[in-house]
Amino acid sequence: MPDGNTGIGAAVKRKEDGRFLTGKGRFTDDINRPNQTFAYFLRSSVAHANIKNVDTSAALTAEGVVAVYTNGDMEGVGGVPCGWGLTFQNGDPMVEPVHPILAAGKVRHVGDPIAVVIAETKKQAKAAAALIKIDLEDLPAVVNMTNAVEGGTLVHEEAANNICYDWAIGDKDEVDKVFDGADHVTSIEIINNRLIPNAIEPRVAIGDYDAVSQKYTLYTSTQSPHVIRLLMGAFVLQIPEHKLRVVAPDVGGGFGSKTFHYAEEAMVTWAAGHLGRPVKWTAERSESFVSDAHGRDHVTTAELALSKDGKFLALREKTYANMGAYLSTFGPAIATYLHSTLLAGVYTTPLIYSNIIAVFTNTVAVDAYRGAGRPEATYILERLVDRAARELGIDQVEIRRKNFIPPDAFPYQTPVALEYDSGDYEATLASALEGADVDGFEARKSKAAKNGKLRGVGYSTYVEACGAAPSAVAGALGARAGLYESANVRVHPTGSVTVFTGSHSHGQGHETAFAQLVSEQIGVDIDSVEIAHGDTDQVQFGMGTYASRSLAVGGSAIVKALDKIIDKSKKIAAHIMEAAESDIEFEDGTFKVAGTDKSMGFGEVALAAYVPHNYPLDVLEPGLEESAFYDPANFTYPAGCHICEVEIDPTTGVVEIVNFTAADDPGIVINPIIVEGQIHGGVAQGIGQALLEGCVYDDNGQLITGTYMDYTMPRADDLPSYVVSTESSRCTHNPLGVKGVGEVGTIGATPAVINAIVDALSELGVTDMPMPATPQTVWRAIQEAS
Amino acid sequence: MSEFNYAMASSADDASTQVKGTGDGSLIAGGMTLIPSIKLGLATPTDLIDLAGAGLSGISVEGTTVTIGAMTRHVDVASSKEVVNAVPALSGMASGIGDPQVRNRGTIGGSVANNDPAADYPAACLGLGATIQTNDREISADDFFTGLFTTALKEGEVITSVGFPIPERAAYVKFPNPASRYALVGVFVSDGPMGIRVAVTGAGINGVYRESSFESALSGAWESATLDGVKADESSMASDIHAAADYRAHLVGEIARRAVAASV
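Residue numbers (this note's numbering), protein chains in the order written: chain A, 72 to 857; chain B, 1035 to 1298.
These are computed hints drawn from the structure, not numbers from a lab.
Predicted, not measured: the structure shown is a model, and the values here were computed from it.
Check the hints yourself; a few may be wrong.
[Stated by the list, open to error] Under the rule of at most 30 Å between Cα atoms (straight-line distance), these lysine-lysine pairs were calculated in the BS3-like manner:
| # | chain 1 | residue 1 | chain 2 | residue 2 |
| --- | --- | --- | --- | --- |
| 1 | A | 86 | A | 639 |
| 2 | A | 521 | B | 1265 |
| 3 | B | 1073 | A | 95 |
| 4 | B | 1073 | A | 194 |
| 5 | A | 204 | B | 1073 |
| 6 | A | 193 | B | 1073 |
| 7 | A | 197 | B | 1073 |
Please build the complete structure, drawing on both the sequences and the hints.
Take a look at the structure:
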């Protein structure tokens, strides 16, 4: 590691924060193209209707209007593709209805785009949209999944009973047999509440077409520019990749919701080509609520079979997963590939059966949201374990310890496809128990009782599978793309470095953490390293940032490329210092000939590569630039323990989180400040799901929580000061030993909060708590119990 | 945002004359409700008559009354030493309205004239038995708030100030809506020259109202225990996803009890 220490493990401040904190970030909406026009989407105000007629004549002649398009104008344009294909249990493919760019014949949710107006100004586009006359024939809306699967009204004619797929993993007969003979069965019914992602930057897209080069450019606030290029180019607009550039500059948060290819991106790109002028669209906040893919929304019945001493024998569950009105890019994968495969958790449960029924409804599409499937699985498991411990009279910590996969059992094959490579669940549990001062809980509870408050403590011990991950496994489970990552390391003649990565930062701090990898490997300061990302014309290829994969997969690709740089540099150094390559040692940015005082700095080698006067040109090309693609051998498995302590005012139902302790194992830590920040943000969202956030539709499919007046975002004063610690067990299969940390908060925190509330209220006879546990919900549970 | 004509009024009477002369004009005070409504297309006034230059801001304490000019901002009421000394419940209430941005723009007159069913000021006016002074007349708070977003103000009538009789003791306690932080239930209690008053905002189906059953109970004994276990009439409570009528009815009792306990 160099002097000043900017390598692995250094708590350096984020390089990108200077521009963000001074308002100098460059987001998509900051980009304006010459001769630009503005698009406004006219969206459905009803959830389900046949479109009888759309009369755009008045809008077309309105001031400033350049064009008005409806579905009929878009001949040859494909639908928005789904990137994941699941099957029914009998092997039939899932029902995959066309998802048109603009509604075709029918609107299927509030917010479904019907027409787009393109005008000289945004205001003119919006004003003209109000002149479009839409003749709709209202249809009954299907909102609730329980009603949807009974048939009747169909969201898509081809999906009988509104079912997209009915999929299962595990041997049902074997599992049922264990249940039949088990000492004890704990059951639970869970609604995993639908969430609205709410990135601070609404989505923005600008389409541009250059008639000279016949090349399209799409500027868009996405987490995965190359994936958008692939999906939009190949499936929607039939633009070959060499004629399509996708640029994602600074992106203001995404939490998954900006991973997917959206209709608006294709619309502005197509219109730009059609009109020969750039077309810009910026979502309004209320538009984001009805057009960004939502998260979660599972309805589950789950059971755990136990021996009388609390050993887990088998688990079975049936989950209805809401897909919304259309399949979003990864929608079908969330409840299956990322949910069912995690149901072993940190436990040795030998048999698991999971049945997932994906359902179409007249609601916004549902897809990955921070955690994506793994929070849902962890919530089921940790609520079941909590309840089983109460039913059997076993201590919450004891029942977990009794069922932990022990440290010497790795690699550990779960019954649901995954093989965990490493982990030390006792280490994070012990750290959390100490951080939470669990020993002092009873005293704090008594003190709270004197003030009329009920105090409870809740536990969650979790593992997650992240770093998505091996292309072959993903392919076997339905992925229609690979899940590798690429990197190109370009060493400049004077020794500074540009890294081109296919990962895309939308708040994760890649420009710092990835630079630290370079600093560690070749001994340059992070200020000599530029991380380039987010432009398909600059970056060779990439699969983007989601599922906590950037460091484990993207970082590993960078390390692979750096290894090639060092190998070549050694050859150059050996030639110049007239030594055998095997005698060259590289340390702290200096090449040395072993056993001599001869040495060369990394910068000197870089210069020699570009000024090859004394250079082995017969065996080595000049220049110093290397690429690597990295396809991981496995997922990575961060794990940990979260402990939440709450105080409840039983007269109002208000829950206050008084202590929150997170002990996480993200693998090797590159930058502890970034890791801590990721845990803080994730825990805030995990608490948000538990206490505050919940998307509500009425029976007609109207979004009741369509603004911040009704949708509760977590705020600083809702949250305590966290006690955060990390324990690092190495990932065994990637070169850095890293696992990931982006989603541990939303996975670990939520069940800990609800378990704490149930603990506090258990003396009143409360055994369950729906999410979000708002004051009214908690108060009502108390009323119903007493 | 739709287009509108803009004019600054020089006095309350001038504002009144001007607004009456417009097609579908509106007075604007702090604009904390009106401007967002225009942006969302929910309001489309032809004209805005701005009261900022009408000389209506200021706070005075004379004898037994605190008088606050209609254009006085929440931040000024919250930080006024006179108000803090005379009616701390009133300054405390003002310090809890919205957020700093709202408190730096929003005015008492605008809030009272708008009569949002979850706003704080209407509860303070009703709870203290205030008198609303307009360019034309005096209106007692008991007569002023007539329903959701409606008041006794006539077309073109302009609030100039609000007079609050100084109570012996008073308090305002707000139970916020988790999402909007408006009052899900807010209760202003006072004991003073205007009698015993319990005004409730956020909860009632017709907006701010006096909970007379609590008032009669408190006239027996002004202590929180008097209100132990009481609740409002469920049938007159608003109901939404944040609080059904039964929960609001319960909260009105509990928050009133806490307000009495907090009264100084």
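* Against which earlier hints does the structure fall short, listed by number upward? -> Failing hints: none at all.
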